[in-house]
Amino acid sequence: MFMNNRLVNAAIAAVMLTLSSSAVAQGEAIVSVVPVQQQVISPTAMVSGQVYSRNSSELSAGVAGKLMWIAEPGTQVEKGAVIATIDSRAYRLKVRQLEAQIKRKSIEIQRAERDLERLNGLYEQQAVSAREIDNLNADIALLESDQELLQLQLEQAQDDLNKTTVRAPFSGVVTERLQRTGEDVVATAPLLGLVDVDHLEIRFHGPLAYSDFARQADRIDVYFSGGDARMPMHTVIPVSDSRSQTFTGVIAIPVEMQGKLRVGELVTVAVPASVPAEHFVVPRDALVIGKGKTSVYVVGKENKAEEVNVSIEGGSGDYVNVVGNLQNGQRVVVRGADMLRSGQLVKVLSAKEFPLTTLGG
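At position 173 of the sequence shown (counting the first as 1) the number is 173 in my numbering, and the numbers step up by one without a gap.
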């Protein structure tokens, strides 16, 4: 592969040497050009961002006890899968105890109801007073209230028993174990970390003055190790402190892009720095920066180079927005402008003849 690259480079150099010699003989400078474009764009400021999971938690059991088992880091789990268990013996005994108490209370209520039935018969015979009937009715009501309270305690005990089996609240990957098997843990102690790797977002901090421009943007350019993409702006939080003077932005990563990014990956975000406006756009490589001025060279019909002073109004990627005496579609010199002078004849080569451009296709 290395030898092939050297042969290709040598061939290109030979072609360029031949073309250069021919052009020099005719007093022409060799250049490559691209057309000036007039586009409605927004200048951007490049800031760092990071990929986050939309679901990331440190999970606890919610009950205290001895940790019997816990999933290993790196384990992929589905929603509802068991990821840890707590010794449940004490909780099972509590449930059985309350069930027995409720059964006992039910027997007491049945006995009191039978007593009430007999008293009602005696009352009809005027053998007992109405007060005794009222007292027994009150006793039955109290027994039923006690039974209801026991039923609530049973539901709480069953809930605690269920918590001894810790289940994943969402699908994801176990990232770390914070407790070890055999340890006694309290109810609120984090047991492990779980991260959803399928639903991701990008968070970034941009200059607070640009927060309104970011809010108005439907999509924002994001550059990452595997390339770049325009992604939908999810939300802007225009709140800052006196030191940072930045806002927080959240970009939603489309489903089709999920596999190309990883949690924790650093990216670069092009934050809009002004409202969209119409600008002349030229490649960065077309700029000739001198003392106190910036210019570009345009090529006219007679293949003569003319210098045009411009000012830079921002940019994005390989292109910049410029203001100057330009026209849409004019040919602007991208390669070979450094040694040009106004009025000089040039020889314009095609991309195949002058394959030195670094512009992204």
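If you are wondering where the hints come from, they were derived from the structure by calculation, not from laboratory data.
None of the values given here were measured: they were computed from a predicted structure.
Cβ coordinates follow ideal geometry from the N, Cα and C atoms, glycine included.
Honestly, I wouldn't trust all of these hints.
[As the list claims (entries may be wrong)] Label pairs and their computed distance ranges (CB to CB):
| id | residue 1 | residue 2 | range |
| --- | --- | --- | --- |
| 1 | M257 | K301 | 44 to 50 Å |
| 2 | E78 | E58 | 16 to 22 Å |
| 3 | L345 | R284 | 22 to 28 Å |
[Stated by the list, open to error] Simulated crosslink set (DSSO-like; lysine-lysine; CA at most 27 Å straight-line):
| id | residue 1 | residue 2 |
| --- | --- | --- |
| 4 | K304 | K293 |
| 5 | K79 | K66 |
| 6 | K293 | K260 |
| 7 | K66 | K94 |
| 8 | K163 | K66 |
| 9 | K103 | K66 |
| 10 | K304 | K291 |
Cross-check of the supplied hints:
Checked against the given bound of 44 to 50 Å, the beta carbons of M257 and K301, roughly 45 Å apart, stay inside it. Remark: the range hint 16 to 22 Å for E78 to E58 is upheld by a beta-carbon distance near 19 Å. Checked against the hint of 22 to 28 Å, the pair L345 and R284 passes, with Cβ atoms roughly 26 Å apart. Annotation: proposed proximity of K304 to K293 holds, straight-line Cα distance about 21 Å (limit 27 Å).
A hinted pair counts as satisfied when its Cα atoms are at most 27 Å apart, and K79 with K66 qualifies at roughly 24 Å. Restraint check for K293 and K260: the C-alpha separation of about 42 Å exceeds 27 Å, so the hint is violated. About 16 Å separates the Cα atoms of K66 and K94, which keeps this hinted pair within 27 Å; it holds. At roughly 13 Å between alpha-carbon atoms, K163 and K66 fall within 27 Å of each other, so this suggested pair holds.
Only pairs whose Cα atoms come within 27 Å are accepted, and K103 paired with K66 is rejected, the gap being roughly 30 Å. A C-alpha spacing of about 24 Å is found between K304 and K291, which places the hinted pair at or below 27 Å, so the restraint holds.
Checked against the numbered hints above, the structure breaks hints 6 and 9 and satisfies the rest.
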